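Participant: Below, each chain spelled out in residue letters.
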Amino acid sequence: MEEESRKVKIKVKDLTLIFGKNKEQALKMLKAGHSKSDILEKTKCTIGVNTANFDVYEGEIFVVMGLSGSGKSTLIRCLNRLRKPTDGQVLLNGHDITKETNRELLETRRTEMSMVFQNFGLLPHRTILENAAFGLEIRGEAKEDRLQRAQTALETVGLQGYEHQYPAELSGGMQQRVGLARALANDPEVLLMDEAFSALDPLIKSDMQEELLAIQEKVHKTIVFITHDLDEAIKLGDRIVIMKDGIIEQIGNAEEIMTNPASEYVEAFVQKVDRKTIITAGSLMFEKPTLVQYGKDGPEVAIRKMRTASVDVLPVVDKNRKFLGFVWLNDLIDLAKNKTQKIDDAIRTEVSSIHKDYTVEDMLPLISGKKSPLAVVDEKDGRLQGIVTQTSIIIEATKYDKNEISDLQEQAKEFFKWTK
Amino acid sequence: MDKIIDLGTYIEKGINALESHLSFLWSAIDDGISWTVESMNDGLLAIPFWIIITLIALLGYYLSAGKKSFTREGFKKGIGIASFTILGFVLIYLMGYWKETIQTTTLVLVSSVIALIFGIPIGIWTARSHIADTVIRPILDFMQTMPAFVYLIPAIFFFSVGNSPGVIATVIFSLPPAVRLTKLGIHSVPPDVVEAGYAFGATEKQILYKIQLPLAMPTILAGVNQVILLSLSMVVIASMVGAKGLGSIVYQGIQQNDIAKGFESGLGIVILAIILDRITQSIGSKK
Chain L
1 MEEESRKVKI KVKDLTLIFG KNKEQALKML KAGHSKSDIL EKTKCTIGVN
51 TANFDVYEGE IFVVMGLSGS GKSTLIRCLN RLRKPTDGQV LLNGHDITKE
101 TNRELLETRR TEMSMVFQNF GLLPHRTILE NAAFGLEIRG EAKEDRLQRA
151 QTALETVGLQ GYEHQYPAEL SGGMQQRVGL ARALANDPEV LLMDEAFSAL
201 DPLIKSDMQE ELLAIQEKVH KTIVFITHDL DEAIKLGDRI VIMKDGIIEQ
251 IGNAEEIMTN PASEYVEAFV QKVDRKTIIT AGSLMFEKPT LVQYGKDGPE
301 VAIRKMRTAS VDVLPVVDKN RKFLGFVWLN DLIDLAKNKT QKIDDAIRTE
351 VSSIHKDYTV EDMLPLISGK KSPLAVVDEK DGRLQGIVTQ TSIIIEATKY
401 DKNEISDLQE QAKEFFKWTK
Chain G
1 MDKIIDLGTY IEKGINALES HLSFLWSAID DGISWTVESM NDGLLAIPFW
51 IIITLIALLG YYLSAGKKSF TREGFKKGIG IASFTILGFV LIYLMGYWKE
101 TIQTTTLVLV SSVIALIFGI PIGIWTARSH IADTVIRPIL DFMQTMPAFV
151 YLIPAIFFFS VGNSPGVIAT VIFSLPPAVR LTKLGIHSVP PDVVEAGYAF
201 GATEKQILYK IQLPLAMPTI LAGVNQVILL SLSMVVIASM VGAKGLGSIV
251 YQGIQQNDIA KGFESGLGIV ILAIILDRIT QSIGSKK
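Protein chains in written order, with full-length UniProt numbering: chain L, 1 to 420; chain G, 1 to 287.
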């Protein structure tokens, strides 16, 4: 896979964080396989994060998602050691953060990792510009230099013109832009975003998500993003981790998690999400449809192929498997009657061709009255990769099963007969 | 009832021991305070009264009006304190208590400064250390609730009669709010701002100076205001051990059953209190 060749930025190995006084004993019990409630009863310790293992690749947005109390905020604080893990390792570029001295840790926080907070964490007595320069000030940059860089960061997040105002004079969304600018001004390798958009109202939140994606296009940081909102996770995450009770339940991209939930907990989450925006043509398509070869197959052969596959429409490709269009059974029968040898006249090219990453939502408007399937073609060379039938799109969009849909189609036909 | 535990005697013995073993320290403190108070008095009294009144009125005006001093809006804000200062102090001057008012002001300022020099760092310490807080809190309770007269006895013992025991008793009485309000101010800094500081690699010192103290400043200034007003409320009691000023006139009024004297000097204290309160409050409310 392509992903395995990517550089690992943060490697988390057997990370465990225990709250309470008797951590040693609790850790022993945890390793011996005792349950969380047993450990709580015997040692009065609670498990914040339980043996987490994952890699964050360079340049990706890695989303940790879970409900409150799932340990996600604790986990992100282990990454820059705002909380010290009880056991395990956090390797940033292969260097173990859990073993750093205080001096080294300050340096890591100052140069390599910046954090954005749910409640912004801005200094109310300082202007927007001074707030954005705060990280640089802490690290001891000269005033001219840091204000210059803070100014650039503010421009990146679209806040030019607000430099000399105070945080209280800005809306929540704008305050969080300042939080983001403060983190970007440090030019860190890693951005840690703790529920960064959760305190914003939905419209602003959506804007900020778009903005973050746009900024990420430019800066290519490694971002660890915490959220309790699966829609947000799916929108932003290249990969998503789902956490429950301090345990990582599943890691994967949005589609893997949606289509193949690893546990009931994940499934329960997934059900609440609008599948239309997640399921792509790639997962709906028929990968090996029967094909009509242009130049080789005539109408008779095509009709025979349709009968064998019991369909009334087939895609036509050239000898390089490049998609040309669809042929319909009734058109072919007309050609056969006229003893025509070539199928050119029957190929309908006005059909929609799509790419693998089209979502159901993207495909819905392409459904036509003719029940034509959609052709999934390669973006680069136009080769046919598969076809998506209208029925499967409707199944995904409506969650009706196949029989219910054909019943509905019958009813619709009846209805149209009557109206005629 | 019979005395079963003679606690007082032990305290007395302890104080005697402190007095005799550390006498050089007490006389040094005594000299330091007396010298400061007296040279401040002499200095202030050398300046013509109307210059001092004008300066204080202008200060009050500027602190209330701020940057808008030269606008109509600023004028509305600042004119109240400025005119009160002028009328109040001129009345005091005309009643013949200018010298005593300066003496009282000096006493209040010196005591307050000493109380703040100790109180604010102790407040920071108790805010950042749970152990320090646990130890210091009952001491503050003791200082605030023990009747102020009680401090006077050992104060005379250590420093003989004069301004010094007055200042020391005043400091003990007015120090607790400086500690408590500094601690309250630091504790009420939003934890996410402090956490953001740590996340950006701030040291403990940077957290304190760049985040906690600036955000706690309004509360700390409220503490400064409280310290000054409590110091002022001690002037009459301090006069019983020989501190000079308006308090000693009130005390004379009591002893001589002189209603006129008592009322005039009492009114002087009230005027001074209002001016000091308004001025320190407007420092606190600025931004």
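Hints in this document: simulated from the structure, not taken from any laboratory. None of these values were measured; they are calculated from a predicted model. Glycine included, every Cβ here is placed at the ideal spot set by N, Cα and C. Check before you lean on any hint, since a few could be wrong.
[As the list claims (entries may be wrong)] Straight-line alpha carbon distances no greater than 16 Å define the calculated EDC-like cross-link-like pairs of lysine to aspartate or glutamate that follow: (1) L:K218 / L:E60; (2) L:K235 / L:E195; (3) L:K11 / L:E60; (4) G:K210 / L:E195; (5) L:K339 / L:D318; (6) L:K84 / G:E195.
[What the hints assert, rightly or not] With beta-carbon atoms standing in for the labels, derived distance ranges: (7) G:W125 / L:G94: 58 to 66 Å; (8) L:A199 / G:L58: 40 to 48 Å; (9) L:G172 / G:A28: 54 to 62 Å.
Participant: When the hints from earlier in the document are held up against this structure, which numbers fail?
Facilitator: 4, 5 and 7
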